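Protein chains: 2
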Amino acid sequence: MTKRPNVLWIMADQLRFDYLSCNGHPHLQTPHIDALAARGVRFTNTYVQSPVCGPSRMSAYTGRYVRSHGSTWNGMPLRVGEPTLGDHLREVGARAVLVGKTHMRADAEGMAWLGIDPSSEIGVRVSECGFEPFERDDGLHPDSPRQHWSKYDDYLVEHGFSSKNPWGDFANSGKDADGDLLSAWLLKNSRLPANVPEEHSETAYMTNRAMDFMTEAQEDGRPWLCHLSYIKPHWPYIVPAPYHDMYGEKHIVSPIRSEAERETEHPLLRAYHQARVCRSFSRDYVRECVIPAYMGLIKQLDDNLGRLFAWMDEQGLSENTIIAFTSDHGDYMGDHWMGDKDFYHEVAVKVPLIIADPRPEADASRGSVKDELVEMIDLAPTFMNALGCHAKPHVIEGRDLTPLLHGVDGFSRKYAISEHDYHWSDMARILGVPQEDAHTIMIFDGRWKYVRCEGFRPILFDLETDPDEVTDLGGSQTPEHIGVRRRMEAALLEWATRHHTRITATPEVLAGQKRAAKSGVLIGFWDEQEFKDDTGMAFDSLKPVGKQ
Amino acid sequence: MTKRPNVLWIMADQLRFDYLSCNGHPHLQTPHIDALAARGVRFTNTYVQSPVCGPSRMSAYTGRYVRSHGSTWNGMPLRVGEPTLGDHLREVGARAVLVGKTHMRADAEGMAWLGIDPSSEIGVRVSECGFEPFERDDGLHPDSPRQHWSKYDDYLVEHGFSSKNPWGDFANSGKDADGDLLSAWLLKNSRLPANVPEEHSETAYMTNRAMDFMTEAQEDGRPWLCHLSYIKPHWPYIVPAPYHDMYGEKHIVSPIRSEAERETEHPLLRAYHQARVCRSFSRDYVRECVIPAYMGLIKQLDDNLGRLFAWMDEQGLSENTIIAFTSDHGDYMGDHWMGDKDFYHEVAVKVPLIIADPRPEADASRGSVKDELVEMIDLAPTFMNALGCHAKPHVIEGRDLTPLLHGVDGFSRKYAISEHDYHWSDMARILGVPQEDAHTIMIFDGRWKYVRCEGFRPILFDLETDPDEVTDLGGSQTPEHIGVRRRMEAALLEWATRHHTRITATPEVLAGQKRAAKSGVLIGFWDEQEFKDDTGMAFDSLKPVGKQ
Numbered sequence: 001m002t003k004r005p006n007v008l009w010i011m012a013d014q015l016r017f018d019y020l021s022c023n024g025h026p027h028l029q030t031p032h033i034d035a036l037a038a039r040g041v042r043f044t045n046t047y048v049q050s051p052v053c054g055p056s057r058m059s060a061y062t063g064r065y066v067r068s069h070g071s072t073w074n075g076m077p078l079r080v081g082e083p084t085l086g087d088h089l090r091e092v093g094a095r096a097v098l099v100g101k102t103h104m105r106a107d108a109e110g111m112a113w114l115g116i117d118p119s120s121e122i123g124v125r126v127s128e129c130g131f132e133p134f135e136r137d138d139g140l141h142p143d144s145p146r147q148h149w150s151k152y153d154d155y156l157v158e159h160g161f162s163s164k165n166p167w168g169d170f171a172n173s174g175k176d177a178d179g180d181l182l183s184a185w186l187l188k189n190s191r192l193p194a195n196v197p198e199e200h201s202e203t204a205y206m207t208n209r210a211m212d213f214m215t216e217a218q219e220d221g222r223p224w225l226c227h228l229s230y231i232k233p234h235w236p237y238i239v240p241a242p243y244h245d246m247y248g249e250k251h252i253v254s255p256i257r258s259e260a261e262r263e264t265e266h267p268l269l270r271a272y273h274q275a276r277v278c279r280s281f282s283r284d285y286v287r288e289c290v291i292p293a294y295m296g297l298i299k300q301l302d303d304n305l306g307r308l309f310a311w312m313d314e315q316g317l318s319e320n321t322i323i324a325f326t327s328d329h330g331d332y333m334g335d336h337w338m339g340d341k342d343f344y345h346e347v348a349v350k351v352p353l354i355i356a357d358p359r360p361e362a363d364a365s366r367g368s369v370k371d372e373l374v375e376m377i378d379l380a381p382t383f384m385n386a387l388g389c390h391a392k393p394h395v396i397e398g399r400d401l402t403p404l405l406h407g408v409d410g411f412s413r414k415y416a417i418s419e420h421d422y423h424w425s426d427m428a429r430i431l432g433v434p435q436e437d438a439h440t441i442m443i444f445d446g447r448w449k450y451v452r453c454e455g456f457r458p459i460l461f462d463l464e465t466d467p468d469e470v471t472d473l474g475g476s477q478t479p480e481h482i483g484v485r486r487r488m489e490a491a492l493l494e495w496a497t498r499h500h501t502r503i504t505a506t507p508e509v510l511a512g513q514k515r516a517a518k519s520g521v522l523i524g525f526w527d528e529q530e531f532k533d534d535t536g537m538a539f540d541s542l543k544p545v546g547k548q
Numbered sequence: 001m002t003k004r005p006n007v008l009w010i011m012a013d014q015l016r017f018d019y020l021s022c023n024g025h026p027h028l029q030t031p032h033i034d035a036l037a038a039r040g041v042r043f044t045n046t047y048v049q050s051p052v053c054g055p056s057r058m059s060a061y062t063g064r065y066v067r068s069h070g071s072t073w074n075g076m077p078l079r080v081g082e083p084t085l086g087d088h089l090r091e092v093g094a095r096a097v098l099v100g101k102t103h104m105r106a107d108a109e110g111m112a113w114l115g116i117d118p119s120s121e122i123g124v125r126v127s128e129c130g131f132e133p134f135e136r137d138d139g140l141h142p143d144s145p146r147q148h149w150s151k152y153d154d155y156l157v158e159h160g161f162s163s164k165n166p167w168g169d170f171a172n173s174g175k176d177a178d179g180d181l182l183s184a185w186l187l188k189n190s191r192l193p194a195n196v197p198e199e200h201s202e203t204a205y206m207t208n209r210a211m212d213f214m215t216e217a218q219e220d221g222r223p224w225l226c227h228l229s230y231i232k233p234h235w236p237y238i239v240p241a242p243y244h245d246m247y248g249e250k251h252i253v254s255p256i257r258s259e260a261e262r263e264t265e266h267p268l269l270r271a272y273h274q275a276r277v278c279r280s281f282s283r284d285y286v287r288e289c290v291i292p293a294y295m296g297l298i299k300q301l302d303d304n305l306g307r308l309f310a311w312m313d314e315q316g317l318s319e320n321t322i323i324a325f326t327s328d329h330g331d332y333m334g335d336h337w338m339g340d341k342d343f344y345h346e347v348a349v350k351v352p353l354i355i356a357d358p359r360p361e362a363d364a365s366r367g368s369v370k371d372e373l374v375e376m377i378d379l380a381p382t383f384m385n386a387l388g389c390h391a392k393p394h395v396i397e398g399r400d401l402t403p404l405l406h407g408v409d410g411f412s413r414k415y416a417i418s419e420h421d422y423h424w425s426d427m428a429r430i431l432g433v434p435q436e437d438a439h440t441i442m443i444f445d446g447r448w449k450y451v452r453c454e455g456f457r458p459i460l461f462d463l464e465t466d467p468d469e470v471t472d473l474g475g476s477q478t479p480e481h482i483g484v485r486r487r488m489e490a491a492l493l494e495w496a497t498r499h500h501t502r503i504t505a506t507p508e509v510l511a512g513q514k515r516a517a518k519s520g521v522l523i524g525f526w527d528e529q530e531f532k533d534d535t536g537m538a539f540d541s542l543k544p545v546g547k548q
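Order-wise, the sequence lines are chains A and B. According to full-length UniProt numbering, the residues represented by the first sequence are 1 to 548, in order. According to full-length UniProt numbering, the residues represented by the second sequence are 1 to 548, in order.
Bound-form chain A, shown alone (with noise of 0.2 Å):
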């Protein structure tokens, strides 16, 4: 196999890592995924740079820390000029195409303030962090101003489901014994059966959708790397039938969470326990209700993976086709008596990844697993690599994967960083935050899981000793947590203040810059020798003297 593969990164929207049967889950199976587990290489410590959709998004688009590309938060435009996967992609012939969700929200002034047309190829492409769009559909269509009616919407019209807002009242609602809707926007409703068949359901369209991009792009024959981003099992949790009645009560894990962790005098801790979304989820009824709604959306998926990677043998494309499948962040369902997503307990940033090469050089690593400690910014510059794109170390901040995924030396991290901007949530007005200082960073070594809370003190878990993290060290007076602080600290400010918006130079042209002499701009020679003696060249040779 001579020419580019292509790729395929499928990305789930919060899916906790450890709820795959090949990550451990006891009842929930996944074949599919865990059969692309076993012919590629399946990663045990990936994080995402932010515990929430869109800034994890930004992240792994752009290949760079939320700090640098400055989408902080769910619905921050990002900024015109911040470069993208999909920008570094076309420089090289390759097709960056989106089958989903992004999370992106266009930067209307900048496109405005340069002059660029929103719906000019350009302005399209800004608007989707550099995607071309085949299918953009974010997956939440409230009855509200926010509404935007999708193609999705239209198919299931086509399909006889006719609304006002048919992806709400047909694939995220239930209905009650006198037929009337009962919305998924509530928790209550969530061991309904969707009111729309599996095959009409968002995952079955999806999936299609990414068969139909990949029938096109045969006939175009440039190289791709398509998107294919799932809402699902995002919230609302709902999910057809026969998915819906899969799993009860015997088949949820218990919750991770200490009556300690509930008594803890930290004030962020305190208010994230007072949220609504947490008060939610720690109760066990809500977790019952919920979890085997979530379970079933997860096994729907992989069986709508397992129809894709057959459809894929068929046409001839898995032999040529990277697949690498992870989600956006994880779920907290109740664990840590916590909701959601928005922090970082395992359950929460940490995400599945599995990456199946199906090139030669891959063959060693096939089935194996890796611990080494991955971010989601890698994807980016896994993905230029498999594409032909030389490395952007000066933009892209993640690490290339390709050395672990061909079972050779050459990646290593210490530490992984992620992000988050609670200035909109009930934390920030809990407490009183102002919006520049509600902000948290995590830094995790391996070991020891820092956060460090604006205006708080910090938190700290030692996943050696208490791998459920249901003890904060982040106050403990004993020589060794205080030296962990102050060592994470350290580790926190050299990461901080590193370069990461130095993006218009090279290392080429950096490089360059320490040979200003040579061009005329001489600074600091006292005479003609002095320059000799210094630069091995005459003065003259720069400077012709003469009289006028």
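Each statement offered as a hint is correct.
Heads up, simulated DSSO-like pairs for lysine-lysine below, C-alpha to C-alpha not over 30 Å straight-line: (1) A/Lys175 - B/Lys532; (2) A/Lys3 - A/Lys370; (3) B/Lys175 - B/Lys250; (4) A/Lys164 - B/Lys532; (5) A/Lys532 - B/Lys188; (6) B/Lys175 - A/Lys532; (7) A/Lys164 - A/Lys151; (8) A/Lys151 - A/Lys299; (9) A/Lys532 - B/Lys164; (10) B/Lys532 - A/Lys188; (11) B/Lys188 - B/Lys299.
FYI, nobody ran anything at the bench for these hints, they're computed from the structure. Since this is a predicted model, take the numbers as computed values, not measurements.
For this one, chain A is given, so just place chain B on it according to the hints.
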């Protein structure tokens, strides 16, 4: 006076804080600058955000830290999409016009990616860091491929000074007894009179060009900010008669330096001492040759400013023009055994700042001296305020100085920050420091100046007990100094982890994000009652429930 004032923002290049008579120089009289101070406010603690031209200026022109805009060294393009003072002023119908130097390099790659024609109106603006270029001249035109023929070269030719490089051969050379040219690129030639009459020198020419602009602007009628940006007293150090021999050895202030400094064991400081420009200026005969020329250049600048201010009085411009005078960084001139700039001693990082505001609100502060910690990035928001632009705290990191100008409360700053990327330097080469690690950051609280040196121990000065900064306490093991260092590191971490790139959402947008629930995205509600209890709204008001 009800109409908006104009702003004349004068910047000298490489002018030290202490080389003005109003700032205490014992021999150099600068009566016109002093007179500006007498009718305005003189600031005595103003720090640039990088002690080198390009990044210092990019911070001045954007109101943002170097860390934020990413143009960390000379010639590093300011990225497309980085908002500038000019962009903000244009929004309110004011012009931002350049007359002189910016050290800007256009982001050609960024423009190409976004389809921006560099010759279009927007392209030109993006290439001139947001300014409308009335006259752009960075004032360094060596005999090399870097030479750009400038309008000033045309001017010299028109006035009979014709050669392949008029800037070099006339404005920046002297002559020996035989009439042979002697280049001012070599320090030994600094005492010669420049080979051009004063009236045709760079400083006089650029002064005239500012008058040309203001004449044109009176016809145009729109309010304006004019950035009159002189290249001198920056090297090449040479000044026309009669300024070349106004000062001699007796006018040279003794160097600020100690033998202990020379014996430092700090690797980075030792590397500075080994750099050519530092070795050069550590020699007394270099100081004795260069400093009189440097003083002459400043005296000439002061005389030209006197000429400009008198002309503005005649034209009736003074009564409606805020005049600010400052510099982009200082010059070591052999102090601390160092030359040029590029580090954080007061002589390099502290600059003169005088602002004279003709409006009646400023009457209370006329002639006052302000010791507050000011950063160069504070000018942008101050000028924005004057020209009627609303505050943009999500973009502008400087703080509006208007309260100080108007003698009221409202301005405060705990720390001044400055940064330097020394990847290009002799120091990086001597120490073998990789590009990524060759950076330092200063944080100064008005007493303690702490310099973080990636890979090396910090440097610390106590300006209260050691105003000359000759005693480095960075390695001191006294409890006080250990405590100070820890406090400064914590402050630096707080600063470094702040939002520097979250520029696409205003505070109002951020505040709006708290209200997502009301738009129908409902997270963590169990049932209708819980929704009503929490939001005060009926669930049905969002969700039109019905049968299909």
